[in-house]
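Chemist: Chains as they are written, first to last, in the numbering used here: chain L, 8 to 223; chain D, 381 to 483.
Hint data in this document are derived by calculation from the structure and do not stem from the laboratory.
In this text the structure is predicted, and so the values were computed from the model without any measurement.
Accuracy of the hints is not assured; some may be wrong.
[To be verified] Label pairs and their calculated CB-CB ranges: (1) R412/D x F71/L: 26 to 32 Å; (2) L421/D x K138/L: 34 to 40 Å; (3) C426/D x R181/L: 41 to 47 Å; (4) L421/D x D32/L: 42 to 48 Å; (5) R475/D x F74/L: 17 to 23 Å; (6) S108/L x E420/D: 28 to 34 Å; (7) D52/L x D418/D: 26 to 32 Å; (8) V464/D x A78/L: 29 to 35 Å; (9) Q30/L x Q431/D: 53 to 59 Å; (10) L421/D x E27/L: 43 to 49 Å; (11) G404/D x F74/L: 46 to 52 Å.
For glycine and all other residues, C-beta sits at the position ideal for the given N, C-alpha and C.
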Amino acid sequence: MSTRPSKNPRDQANRTTGNERLQFDRIYRDHVDLIYRYANRLCGDVESAKDLVQETFLNAYRGFKDFRGDAQVSTWLYTIASRACLRMRRKKKGEPERELSLEEFIPTSEGEFRLQISVDGLSPEEAFQNKELRQALDQAIEKLPRKYRMVLVLRDMEGLSAKEVGTVMGLNERAVKSRLHRARLFVRRELSARGITEGQSEEPRATTQTSGGSYR
Amino acid sequence: MTKKVPTRKRARAQGASSHEHNTGRCLHILQRLSAYIDDELASDVCEEIRQHLGACPNCEVFVESLRHTVTLCRHRPAPALSSVDRQVLRENILRAAGAQGRL
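Excised from the complex, chain L in its bound form (with noise of 0.2 Å):
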């Protein structure tokens, strides 16, 4: 048995939202832990993660009519999350957005040039098992200024390509280079001597060799 379509407005209104509720459930399903665990690497805490999801989805929700399927589903969310961190983050603060220099990253002592846990001959997981170099690593990505902090994270662990990184923040490729390598820098910097030593254990730690072992 066939059925007509409906010329009633509010049939249509209903299957429409039928259909956008449908669109909205699949790809909430296919992106909502790569959207949490990309807020919860910005944002550094459960809660705060948790709003930016809802605030991501909600807005694509909101904006699903404008996506044409010309960029990948996940770099047009990754897009609204991070507009909506901007705006999230500038409401609860203000803080002024800083520059990094080069020059800010030249070592000037002997200990800064290595980093401060050792993690020579350890795989990543490894390495991790050390919750102090676990908290350092967090610390130092939490300290960068965001516009640094989500080229990092969208670069370096979230994986995305150069290109990709700048369809997301609005940047060419040379600047997103450009920015990643500051970020680098500053959170290499903070697991160095110089930056881990502050309000640290007072026991003598081991130090990164010059080269060997399979850390690479």
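Since the structure of chain L is provided, determine the placement of chain D on it from the hints.
Modeler: Chain D alone, transformed into the frame defined by chain L:
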């Protein structure tokens, strides 16, 4: 990520252990280290950097520490959302969308 970096031993053999890090050359190298690690540089520039690293132990240690930093970032696990939270968030989103006349 698998650039062959000259060893400190070789650098010492070249008599560069007293090299003072902070010179213009080191700054020039520092500017390019991410591109070097990401293998984005032309082979002649890579060779130029490798030669410098062989002659400057501090830069050699520095590039290894930067490489380790990037590896740590790439492998840092992130916490997952529980299935309950996934469901609660979905309901909150749909409720908020409905409250704004979308449903």
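Chemist: So, for every hint listed, does it hold in this structure?
Modeler: Hints, one by one, checked against the model:
1. Between R412/D and F71/L the beta carbon distance is about 43 Å. The supplied range of 26 to 32 Å is therefore violated.
2. Judged by the Cβ atoms, the range 34 to 40 Å given for L421/D and K138/L holds: they are separated by roughly 36 Å.
3. The hinted window of 41 to 47 Å between C426/D and R181/L is violated, with their beta carbons roughly 19 Å apart.
4. In this structure, L421/D and D32/L meet the distance hint of 42 to 48 Å, their C-beta atoms being roughly 46 Å apart.
5. Hint check: R475/D to F74/L, Cβ distance near 22 Å, so the stated range 17 to 23 Å holds.
6. Taking 28 to 34 Å as the suggested C-beta distance range, the pair S108/L and E420/D does not conform, at roughly 22 Å.
7. In this structure the supplied range 26 to 32 Å holds for D52/L paired with D418/D, their Cβ-Cβ distance being about 30 Å.
8. Checking the proposed 29 to 35 Å range against V464/D and A78/L shows it holds: the Cβ atoms sit about 31 Å from each other.
9. The hinted range of 53 to 59 Å is satisfied by Q30/L and Q431/D, whose Cβ atoms lie roughly 56 Å apart.
10. Between L421/D and E27/L the Cβ separation comes to about 48 Å, which falls inside the hinted range of 43 to 49 Å.
11. Judged by the Cβ atoms, the range 46 to 52 Å given for G404/D and F74/L holds: they are separated by roughly 49 Å.
Figure legend: structure checked against the earlier numbered hints; hints not met, in rising order: 1, 3, 6.
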